[in-house]
Amino acid sequence: MSHSFERLSLPAQVQSVREFHRFVRGGAGAAGLESEDMDKLDLVLEEILVNIARYAYEGGAGDVEVAYATDGGSLLVEVTDGGRSFNPLEAAPPDLALGLADRPVGGLGVLLVKQIVGSLRYRRENGRNTVSFRFPGPEVSASST
Amino acid sequence: MNIEANQLEKAVVLKLIGRMDAENASEFDEACEVWISQGAKHLIADVDELRYVSSMGLRSFLTVAQKLKKVSGSLIICGLHGLPRQVFEMTRLIDLFPIFDTPQEALATL
Numbered sequence: 186m187s188h189s190f191e192r193l194s195l196p197a198q199v200q201s202v203r204e205f206h207r208f209v210r211g212g213a214g215a216a217g218l219e220s221e222d223m224d225k226l227d228l229v230l231e232e233i234l235v236n237i238a239r240y241a242y243e244g245g246a247g248d249v250e251v252a253y254a255t256d257g258g259s260l261l262v263e264v265t266d267g268g269r270s271f272n273p274l275e276a277a278p279p280d281l282a283l284g285l286a287d288r289p290v291g292g293l294g295v296l297l298v299k300q301i302v303g304s305l306r307y308r309r310e311n312g313r314n315t316v317s318f319r320f321p322g323p324e325v326s327a328s329s330t
Numbered sequence: 015m016n017i018e019a020n021q022l023e024k025a026v027v028l029k030l031i032g033r034m035d036a037e038n039a040s041e042f043d044e045a046c047e048v049w050i051s052q053g054a055k056h057l058i059a060d061v062d063e064l065r066y067v068s069s070m071g072l073r074s075f076l077t078v079a080q081k082l083k084k085v086s087g088s089l090i091i092c093g094l095h096g097l098p099r100q101v102f103e104m105t106r107l108i109d110l111f112p113i114f115d116t117p118q119e120a121l122a123t124l
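Note that the protein sequences, when read in sequence, are chains S and G.
Quick note: the first sequence uses my numbering, first residue 186, plus one each step.
Quick note: the second sequence uses my numbering, first residue 15, plus one each step.
Keep in mind the hints are simulated off the structure, nothing from the lab.
Treat each hint with caution, since some may be false.
What the hints assert, rightly or not - Sample of chain S residues at the chain G side, in silico, Cβ under 7 Å:
id : residue
1  : LEU195
2  : VAL199
3  : VAL235
4  : LEU261
5  : GLU263
6  : LEU281
7  : VAL290
Claimed, not checked - Cut-off 20 Å, straight-line C-alpha distance, at most; resulting in silico cross-link-like pairs (DMTMM-like, lysine to aspartate or glutamate):
id : chain 1 : residue 1 : chain 2 : residue 2
8  : G       : LYS81     : S       : ASP287
9  : S       : LYS299    : G       : GLU103
10 : G       : LYS55     : G       : GLU37
11 : G       : LYS84     : S       : ASP287
12 : G       : LYS83     : S       : ASP287
C-beta atoms are modelled at their ideal positions from N, C-alpha and C, and glycine is treated no differently.
Chain S on its own, in the form it takes in the complex:
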């Protein structure tokens, strides 16, 4: 089954995140997502986009594209960049057992993404990274709190 994707491409920088949120919320509204789920979707997108903004182009400039398609009551989302190869599924998980003084302040973004969407996928094609997921994922129900 093929889906019709809406697409938006912007500079890979932290200042683009809110514009991407507005863009994807259009699709989230069409899919009938609740307000709290929209915030979770914002969070997943922000974590993926901030990682790309900070690391993908290693200090240089580049673009990132977000695409979404509605599929019943869910959204299919794809985030693509042309930066260095990075598979977030292979990122080492932070040690959550460490106490306050020893706890690294970074590394929590990918953890949040994996916990919220469950079904994250990654592919590297033609020198581009694409992270894709379905939201809400099979592990997330609209009524979970």
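Let chain S serve as the given structure and place chain G on it in line with the hints.
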């Protein structure tokens, strides 16, 4: 995000309102830094009206808490609910901070 600061005898209460994301999380660090440089040891972040926090916000909370721990102080969090609470639970940060329902309850322990 708006930050409203209220200096009390035993702590400074910082009420965070709105959304704390990658673009504005550093405003919280900076506000805390001002109070710490003025000698504050205990900061209370009242997040009852904060409806969104991302990992860049968590980074700010951790950075401030680690600074305060070094001077035998603390960053206390009050009013944690909704998505921010879920984020603190998923990352197990909820185990690292003193958590109270209200600033009044936190102040009573200082």
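Could you tell me which of the numbered hints above are not met by this structure, giving the numbers in increasing order?
-> 1, 4, 5 and 10
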